[in-house]
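Take these sequences, add in the hints, and give me the full structure.
Protein chains in written order, with this note's numbering: chain V, 1 to 281; chain U, 1 to 281; chain C, 1 to 281; chain P, 1 to 281.
What the hints contain is simulated information worked out from the structure, not anything from laboratory work.
Keeping only pairs whose Cα atoms sit at most 25 Å apart, straight-line, the calculated DMTMM-like set for lysine to aspartate or glutamate is:
#1 C:210 to U:206
#2 C:210 to V:206
#3 V:210 to V:186
#4 C:210 to P:206
#5 P:210 to V:186
Which residues of chain C face chain V? A few of them, derived with a C-beta cut under 8 Å, are:
#6 201
#7 203
#8 205
#9 237
Source: prediction; values computed, not measured.
Note that CB positions come from ideal geometry on N, CA and C, so glycine has one too.
Residues per chain are reported as follows:
Number of protein chains: 4
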Amino acid sequence: MSSSSEQSPGEGFRARLHTIIFEADTPAGKAFDVALLGAILCSIVAVMLESVASVRQQYGLALYVAEWVFTVVFATEYVLRLMAVRRPLDYARSFFGVVDVLAILPSFLSIVFPGAQSLLVVRVLRLLRVFRILKLGHLLGQAEVLMTALRASRAKITVFLVAVLSIAVVMGTLMYLVEGPAHGFDNIPRSMYWAIVTMTTVGFGDITPKTVLGQFVASVLMLMGYGILAVPTGIVSVELANATRLRPDTQACPGCGAQGHDLDARFCKSCGTGLDWKGHP
Amino acid sequence: MSSSSEQSPGEGFRARLHTIIFEADTPAGKAFDVALLGAILCSIVAVMLESVASVRQQYGLALYVAEWVFTVVFATEYVLRLMAVRRPLDYARSFFGVVDVLAILPSFLSIVFPGAQSLLVVRVLRLLRVFRILKLGHLLGQAEVLMTALRASRAKITVFLVAVLSIAVVMGTLMYLVEGPAHGFDNIPRSMYWAIVTMTTVGFGDITPKTVLGQFVASVLMLMGYGILAVPTGIVSVELANATRLRPDTQACPGCGAQGHDLDARFCKSCGTGLDWKGHP
Amino acid sequence: MSSSSEQSPGEGFRARLHTIIFEADTPAGKAFDVALLGAILCSIVAVMLESVASVRQQYGLALYVAEWVFTVVFATEYVLRLMAVRRPLDYARSFFGVVDVLAILPSFLSIVFPGAQSLLVVRVLRLLRVFRILKLGHLLGQAEVLMTALRASRAKITVFLVAVLSIAVVMGTLMYLVEGPAHGFDNIPRSMYWAIVTMTTVGFGDITPKTVLGQFVASVLMLMGYGILAVPTGIVSVELANATRLRPDTQACPGCGAQGHDLDARFCKSCGTGLDWKGHP
Amino acid sequence: MSSSSEQSPGEGFRARLHTIIFEADTPAGKAFDVALLGAILCSIVAVMLESVASVRQQYGLALYVAEWVFTVVFATEYVLRLMAVRRPLDYARSFFGVVDVLAILPSFLSIVFPGAQSLLVVRVLRLLRVFRILKLGHLLGQAEVLMTALRASRAKITVFLVAVLSIAVVMGTLMYLVEGPAHGFDNIPRSMYWAIVTMTTVGFGDITPKTVLGQFVASVLMLMGYGILAVPTGIVSVELANATRLRPDTQACPGCGAQGHDLDARFCKSCGTGLDWKGHP
Chain V
1 MSSSSEQSPG EGFRARLHTI IFEADTPAGK AFDVALLGAI LCSIVAVMLE SVASVRQQYG
61 LALYVAEWVF TVVFATEYVL RLMAVRRPLD YARSFFGVVD VLAILPSFLS IVFPGAQSLL
121 VVRVLRLLRV FRILKLGHLL GQAEVLMTAL RASRAKITVF LVAVLSIAVV MGTLMYLVEG
181 PAHGFDNIPR SMYWAIVTMT TVGFGDITPK TVLGQFVASV LMLMGYGILA VPTGIVSVEL
241 ANATRLRPDT QACPGCGAQG HDLDARFCKS CGTGLDWKGH P
Chain U
1 MSSSSEQSPG EGFRARLHTI IFEADTPAGK AFDVALLGAI LCSIVAVMLE SVASVRQQYG
61 LALYVAEWVF TVVFATEYVL RLMAVRRPLD YARSFFGVVD VLAILPSFLS IVFPGAQSLL
121 VVRVLRLLRV FRILKLGHLL GQAEVLMTAL RASRAKITVF LVAVLSIAVV MGTLMYLVEG
181 PAHGFDNIPR SMYWAIVTMT TVGFGDITPK TVLGQFVASV LMLMGYGILA VPTGIVSVEL
241 ANATRLRPDT QACPGCGAQG HDLDARFCKS CGTGLDWKGH P
Chain C
1 MSSSSEQSPG EGFRARLHTI IFEADTPAGK AFDVALLGAI LCSIVAVMLE SVASVRQQYG
61 LALYVAEWVF TVVFATEYVL RLMAVRRPLD YARSFFGVVD VLAILPSFLS IVFPGAQSLL
121 VVRVLRLLRV FRILKLGHLL GQAEVLMTAL RASRAKITVF LVAVLSIAVV MGTLMYLVEG
181 PAHGFDNIPR SMYWAIVTMT TVGFGDITPK TVLGQFVASV LMLMGYGILA VPTGIVSVEL
241 ANATRLRPDT QACPGCGAQG HDLDARFCKS CGTGLDWKGH P
Chain P
1 MSSSSEQSPG EGFRARLHTI IFEADTPAGK AFDVALLGAI LCSIVAVMLE SVASVRQQYG
61 LALYVAEWVF TVVFATEYVL RLMAVRRPLD YARSFFGVVD VLAILPSFLS IVFPGAQSLL
121 VVRVLRLLRV FRILKLGHLL GQAEVLMTAL RASRAKITVF LVAVLSIAVV MGTLMYLVEG
181 PAHGFDNIPR SMYWAIVTMT TVGFGDITPK TVLGQFVASV LMLMGYGILA VPTGIVSVEL
241 ANATRLRPDT QACPGCGAQG HDLDARFCKS CGTGLDWKGH P
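Here it is in structure tokens:
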């Protein structure tokens, strides 16, 4: 999260603030992160509980107060973060900067639009920030492998989604003509919704074909969805295999710098130094 | 789409028409493609909206007029395309030639058969033509990889579909005998529909087993479908892996023409020229 | 299917019968197979149609007659097959011999137990025999690859099924205790049926959790099923990849007998003879 | 299950008891295991039958007696096991020691809390112990391969689960705001339950979107779930492929001890001794 060590020179207060807020290596920094983690989880649970009618009737006021307390806490934290970095505007525009604003905005919105406070659950995204204190740092490495695999598959997945939507348009229209509004296929958008529900094998059953011809078309669509389901799975499998396979080539021995170790190598083949075997912990 | 450069010699008008309609490199050609893309999307949305009862009652006439305007526009475009190519009959028989006719036919059909205009959604296929203007040209390369993988799996998928249908026949009949018309399994075709809904894990729930024996047979069918689901996924995964793995062999270095580069090579191993790394953009 | 050339020496009639019935190379043999294919398909359609109440009321007698005609035809064919082979008992005990008997038995059973004629759909298995006449011979090669992959995965799939059933027992009981008969979880076997429906992601929706705790347990089960779904898919993918990868090692060049060609080799690397590239047609 | 041969020296009775109870090589040990297998299966079936109302009314007393007989038998067996090992406390703390207690506890609990005897189905876990007598020993090897694959994927699966839960929180809240209590989305926890049901493609259909906007959001969630479904499958596939690929490196030739044999090698490449080809039986 930004090369903080260069951003905070000997400016005293800002440097200390930065260490506490942005880093988790010092006791103070770690305590701050643990407190933040607790506050985020509590505030999400509070929002969820408030949506339950029976809880709201009994503890409505307490939850309302809690919501505003958390909002004030997070707003203060946001201001401190802006003060701790050298270029506040850069931080405000970064991913976490935007998430921080989104995490306090709904409370103020709820004054004008009642109910908007449910949007506070977006605070769940703030949890990404405190992963490291749970020693989940290596998880981020894994997430990166996943993201690399997904990004490499982007073009294939787009082709795939366009194909799925085109099939949904054509098959949805066909079912609208075959079954008609009498059997729940009220219009083409609704039939497309049914086609997507069917192709993804979700199958809610709120709309189902009643005629023999409709059931035949649905069967064809299902078997098609079956085959289509295989494509994204295959894509991600291959890309994940590639992402994993590419690892040894980018991993240099910490001892001698030699590369090209085997996938299952635990020791450098040149000098015998133990390799950091992240992939299989 | 067809080697246009040889088809259009110095015949003046036809050559210009061809450049505008079939190519997207010139400003005029690009403007034409963008306009066409807009027209196709608008006409599909119009057909969809017309199927919604409340919209039809209010804007029925406007949508009816729009539908005919788009039909006339697309018919004109079709005639221009026929004029722009040297061998009109060849074009009329090609995939896009047939799609072009299908995209205007339903309007005329709807004069005789009311409701046929819903078939106009087939215009969605025309979108394939304008992919390139969105700089989605490389997507077609990806689609080709997918198609290669699917084509290579054709025989395995046929075996798989025959197996699925045979199981649907046998298990559907079994459930018809076990549950009977009293529980929704009215006849064998309907039971086969249920078997396919179950095996593909769609599970609408419009027909469900009620007896203990029926629920046991259904459980067996589900676990079977589970294993069967794995087969097409596995097939496509393997073929996709093969299709990806074969790439380096067909990719020659743009500098020296050397082949056989590693899957993850970014530079030619003979002369160091940067390789066009399409697979992982 | 069986090394017929050695079984039929110069015994005249039996040899000719064998050629017609068991082989598809001669015009007579091919005509026999095509007629048989038609008869099997017609008889299956007849059984299906008979199960549809409205059709049965109108054409019941015709379908009844057709059923017995097909039964007599298939019985005659079975007797001829027994006569055409040297060791009739061996044939009667073989897979196809048993299927042939199963294909005529239900008709006679239906005299004693009305409704048993629905079992005639087992005739669908007889179609396996006539695959070759449709030039689908190479499909059997593909089916063999699939079967090899499945057989190699047998032990892993058994472990997997035992795990799934154990989870179904434990989670089914848990839901029976949490939700109880009031919400459709009448007893443990029924709850196990629900657990299997949920884990396989079929999700009929005939039984669903109503309490908050039940919905929580169900969510855990679903996410578990998600991960479990990945196991058979992964197993079959890996085995299919192995089955495909092993091919080059077992394929000798038809010209010089050299082995160990690359997966994508189209020509022998020793002598340049074209290789039979079955895997990717 | 612990290196028993060293634990039981010449202490006579304990050694004999250990051989019978913990091993299956002697006739007495095998008979004990078979009897235990039967007792476990019978006791599980008894618990299941007791949950069926109609069976309970008729055979309630018999099942109650059977339950206590099995409990006494298993309690005795547990005491014998404790006597047979040198360090009883170590055994009591081991996995199977805990399972043994859990298998008798619910009977005593049911005296205080009626209905608790359903928990006796946990006895299904005891079956793990008697796998070997069914010559299913090699299955445990397979289970180990699966476990290795799953363990290696642990970090990736955690990332995946966190991602799924975060999406469930955000999308569930969105649907709660869009559809509201009027359409079954009563509160955020219930909406999250719906989001998980939808993302895992289970799709019970007990709660379904009714508004156009809700159906659109649901469609997006389904297609997202589609892509997400691919991730765990891909992960497990890759890890399974690795787990299989690593095998030859750990398998030494029983003849000369050479390692590094090819995946499909059936004979040692150094001395020609037949290799134990567990992976593909």
